[in-house]
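Here's the letter readout for the chains.
There are 2 protein chains.
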Amino acid sequence: MLEFSKYFNFDTTPELEKVMSHAMDAVKKEKESQRIGYYDLPTDSLKHLKVLENIDTKHVKQLVIIGIGGSSLGIKAIDSLLRPYTSDVKEILYLENSDPLTISNTLHKIKKEEALFFVISKSGSTIETTSILKTVIAYCKIDLEGKDRERMFIITDQGSVLSDFAQHHKLYEFNIPDNVGGRFSVLSAVGVVPLQIAGYDMKSILKGADTLTQSFFNGKEAHILEKACYLYLNAEKESINVLFSYADSLEDLTKWYVQLWGESLGKIDSKGKRVGLTPIGLIGAVDQHSFLQLIIEGPQNKNVTFITIKDFQKDLAIPDISLHGIEKTDFINGQSFNRLINAQCDATMQSVNEANVGTDMINLDKVSAENIGAMIAYFELLTSLVGVMFDVNTYDQPGVELGKVILYKNLGK
Amino acid sequence: MLEFSKYFNFDTTPELEKVMSHAMDAVKKEKESQRIGYYDLPTDSLKHLKVLENIDTKHVKQLVIIGIGGSSLGIKAIDSLLRPYTSDVKEILYLENSDPLTISNTLHKIKKEEALFFVISKSGSTIETTSILKTVIAYCKIDLEGKDRERMFIITDQGSVLSDFAQHHKLYEFNIPDNVGGRFSVLSAVGVVPLQIAGYDMKSILKGADTLTQSFFNGKEAHILEKACYLYLNAEKESINVLFSYADSLEDLTKWYVQLWGESLGKIDSKGKRVGLTPIGLIGAVDQHSFLQLIIEGPQNKNVTFITIKDFQKDLAIPDISLHGIEKTDFINGQSFNRLINAQCDATMQSVNEANVGTDMINLDKVSAENIGAMIAYFELLTSLVGVMFDVNTYDQPGVELGKVILYKNLGK
Numbered sequence: 005m006l007e008f009s010k011y012f013n014f015d016t017t018p019e020l021e022k023v024m025s026h027a028m029d030a031v032k033k034e035k036e037s038q039r040i041g042y043y044d045l046p047t048d049s050l051k052h053l054k055v056l057e058n059i060d061t062k063h064v065k066q067l068v069i070i071g072i073g074g075s076s077l078g079i080k081a082i083d084s085l086l087r088p089y090t091s092d093v094k095e096i097l098y099l100e101n102s103d104p105l106t107i108s109n110t111l112h113k114i115k116k117e118e119a120l121f122f123v124i125s126k127s128g129s130t131i132e133t134t135s136i137l138k139t140v141i142a143y144c145k146i147d148l149e150g151k152d153r154e155r156m157f158i159i160t161d162q163g164s165v166l167s168d169f170a171q172h173h174k175l176y177e178f179n180i181p182d183n184v185g186g187r188f189s190v191l192s193a194v195g196v197v198p199l200q201i202a203g204y205d206m207k208s209i210l211k212g213a214d215t216l217t218q219s220f221f222n223g224k225e226a227h228i229l230e231k232a233c234y235l236y237l238n239a240e241k242e243s244i245n246v247l248f249s250y251a252d253s254l255e256d257l258t259k260w261y262v263q264l265w266g267e268s269l270g271k272i273d274s275k276g277k278r279v280g281l282t283p284i285g286l287i288g289a290v291d292q293h294s295f296l297q298l299i300i301e302g303p304q305n306k307n308v309t310f311i312t313i314k315d316f317q318k319d320l321a322i323p324d325i326s327l328h329g330i331e332k333t334d335f336i337n338g339q340s341f342n343r344l345i346n347a348q349c350d351a352t353m354q355s356v357n358e359a360n361v362g363t364d365m366i367n368l369d370k371v372s373a374e375n376i377g378a379m380i381a382y383f384e385l386l387t388s389l390v391g392v393m394f395d396v397n398t399y400d401q402p403g404v405e406l407g408k409v410i411l412y413k414n415l416g417k
Numbered sequence: 005m006l007e008f009s010k011y012f013n014f015d016t017t018p019e020l021e022k023v024m025s026h027a028m029d030a031v032k033k034e035k036e037s038q039r040i041g042y043y044d045l046p047t048d049s050l051k052h053l054k055v056l057e058n059i060d061t062k063h064v065k066q067l068v069i070i071g072i073g074g075s076s077l078g079i080k081a082i083d084s085l086l087r088p089y090t091s092d093v094k095e096i097l098y099l100e101n102s103d104p105l106t107i108s109n110t111l112h113k114i115k116k117e118e119a120l121f122f123v124i125s126k127s128g129s130t131i132e133t134t135s136i137l138k139t140v141i142a143y144c145k146i147d148l149e150g151k152d153r154e155r156m157f158i159i160t161d162q163g164s165v166l167s168d169f170a171q172h173h174k175l176y177e178f179n180i181p182d183n184v185g186g187r188f189s190v191l192s193a194v195g196v197v198p199l200q201i202a203g204y205d206m207k208s209i210l211k212g213a214d215t216l217t218q219s220f221f222n223g224k225e226a227h228i229l230e231k232a233c234y235l236y237l238n239a240e241k242e243s244i245n246v247l248f249s250y251a252d253s254l255e256d257l258t259k260w261y262v263q264l265w266g267e268s269l270g271k272i273d274s275k276g277k278r279v280g281l282t283p284i285g286l287i288g289a290v291d292q293h294s295f296l297q298l299i300i301e302g303p304q305n306k307n308v309t310f311i312t313i314k315d316f317q318k319d320l321a322i323p324d325i326s327l328h329g330i331e332k333t334d335f336i337n338g339q340s341f342n343r344l345i346n347a348q349c350d351a352t353m354q355s356v357n358e359a360n361v362g363t364d365m366i367n368l369d370k371v372s373a374e375n376i377g378a379m380i381a382y383f384e385l386l387t388s389l390v391g392v393m394f395d396v397n398t399y400d401q402p403g404v405e406l407g408k409v410i411l412y413k414n415l416g417k
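Those protein sequence lines, which keep their order, are chains A and B.
Its first residue numbered 5, the first sequence is counted upward by one per residue in our numbering.
Its first residue numbered 5, the second sequence is counted upward by one per residue in our numbering.
I should point out that these hints are in silico values taken from the structure, not numbers from a laboratory.
Hints are not guaranteed to be accurate.
Note that identical chains are pooled: a pair holds if it fits in a single copy or bridges any two copies.
[Said to hold, decoys possible] Okay, derived cross-link-like pairs now, BS3-like style, lysine-lysine, Cα gap no bigger than 25 Å in a straight line:
{"#": "1", "residue 1": "Lys145", "residue 2": "Lys332"}
{"#": "2", "residue 1": "Lys408", "residue 2": "Lys10"}
{"#": "3", "residue 1": "Lys413", "residue 2": "Lys33"}
{"#": "4", "residue 1": "Lys332", "residue 2": "Lys413"}
Start from the sequences and build out the full structure, keeping to the hints where you can.
In structure tokens form, the structure reads like this:
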């Protein structure tokens, strides 16, 4: 279960009601017209689970994910959160960046005879991904004509050049719907196929996302609309949205959020104005010792969303030891780290509120597949709503094209 | 060698010359009056290396660092950068956060008989650090009266409660100078002692820092003053400073930078005004697929510093394989990932410049101890200069105190 609490000031007015109902209508239209497809993934992706029932992966011990951006961030987010709570989950290696050191180190860890390879690219021609694919084929001596074909899973758009490659070699192929963008694709084949094979309960993740999505479209999640409206209204003043997550295992989720938020909303709007909100991911309590000072005393250009996990399920008591010199910390003896980290979050939120910085909180009763699915749907719906209010195309990324053109030219294409 | 290039527009005027010379004078005074001590660490910390010559740590295989914020970020930054290039370096485990899952997982990895423990806290009473210390003592059954005393290294301020603990049990103790703040302490005993024992060449790191520091105080690094002035001048408009590092191993350095920058400059100035600059750390090429869109088309409230490594020293060629369907990527075959990632940085910087976003670049000819030392000194000096221009106390963090008071109250102290 997810509990949402808001502490920022939001009083609705007839004017704002209009903004919110317009956004709600627009998002409904995106869904119903099937112009945007991610809303339907929680049910649509069940078909992939059916297909996987007929592929024997019991002998597999290792998954190698070759993908970057929307083709890896969501997978990592779920993997990091659920791994500590899942038994018998397979090892996952990630080959993302064009960093020669990282690639070398990861190549050394691949055990081909126990591995499956997932090549993930929506367009099919992502330069990091195709270059790493070639490197893996050469390094692991992958025989695309023979038995190794069964190790290769291609996840891409129907009709892409990578799909052509998959069909030519008769590899496993799963498609991303045309109307689902990379950063909204974690619940498509992109995330569902490798994570299910790895041993995660994707059906429950989809169910969690479905429940929240349905509830939202049935008008029962007004808080999401209100938050979107608050963020939109205050976008000029509070241009930075901090996601302050109180658990180390949430770090990859914050990275997924940064892509979703930054790339969806950082746009030129229909009137030619540059708009957008800047996402920042922090981890508590660590970043209380780093970024917090700036939130409290720096310019009031931020608001903060806290995420906490009520029950870590694996707790640890602080021993009842009194150490010479530091007896003044004895008051904490016998309490648990689970309680400490949550108390730290509460205290930080209170001190941030005292500094008149807007905050809200998402509390997970525990880390579970359903909760993660719901959280993914929550952030995606919030992004879509703010995108409508900003009057931008939430789903494209025209700004990154020029860099690619320059790169290809510089590399002699 | 570090090469600094700037692409932002900065034309000096007599007015600005005054701002810069005032900042330079103020920083010189901080150093000469010994009010601020980090400037002298590159020479002062050599004494720790002398002491370590007489402590036999050859049998040690593992270091356990117990510390958070300024007591771990700098150590991790250096460890991550140099580990791939250093042979026979010892394993380092970090116990930082109050996250019960992470603490449990890390405890399981400790092999006491092969380990040294470093308890690092400037104040000596950091709640995460003392709580974890107690947990480690109980879990590893550390005998503070017997032989285990030789495994315990305490790094703290002279006269702190933790120093009292160290002296009571006759543990190894190293002190942080009073006039060196936590986030400026990486080149004090905080970083020097554990990293030297781990097997890193701290003498060369100190030398790199010393060379840059001396050169700066001899007036030969005008670019640092100019950059500080540019950042100060444009602070309202460009309130976000992005550090875009093109190497996975630079991620921990960006986290160290975020603390240094955010906590030093996010302050109420002498006139009662909230000032500060918001630091964001990105990793290329990964974040081209995430945050770049926002930089290019979003609000022009950012500037970007790129860091590149000219020669990764361990390179990898993209194999000359033509894959059916994706032949259009063949143009890159035979080139290297080292070249690709640097070409990606160049292309991104060009596209960011085209969008009229101010940029500059720090280019390391390679990852070396000297270069890392110089980079640390560079960011610290830059921070001090901007702090003077902002008219804040760069070295305190009053904003985080309230949270501590609330926490202690809530935990029943």
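- Task: Pop the pair Lys408 and Lys10 into one bin, within, between, both or neither, using alpha-carbon distances up to 25 Å.
- Result: between (41 Å within a copy, 23 Å between copies)
- Query: Checking Lys332 and Lys413: alpha-carbon separation at most 25 Å within a copy, between copies, both or neither?
  - Reply: Between. Shortest inter-copy distance 14 Å satisfies the 25 Å Cα cut-off; intra-copy 64 Å does not.
- Query: At most 25 Å between C-alpha atoms: does Lys413 with Lys33 qualify within a copy, between copies, both, or neither?
  - Reply: neither (40 Å within a copy, 50 Å between copies)
- Query: Which holds for Lys145 with Lys332 at a C-alpha limit of 25 Å: within a copy, between copies, both or neither?
  - Reply: between (61 Å within a copy, 22 Å between copies)
The structure fails to meet hint 3 from the earlier list, while all remaining hints are met.
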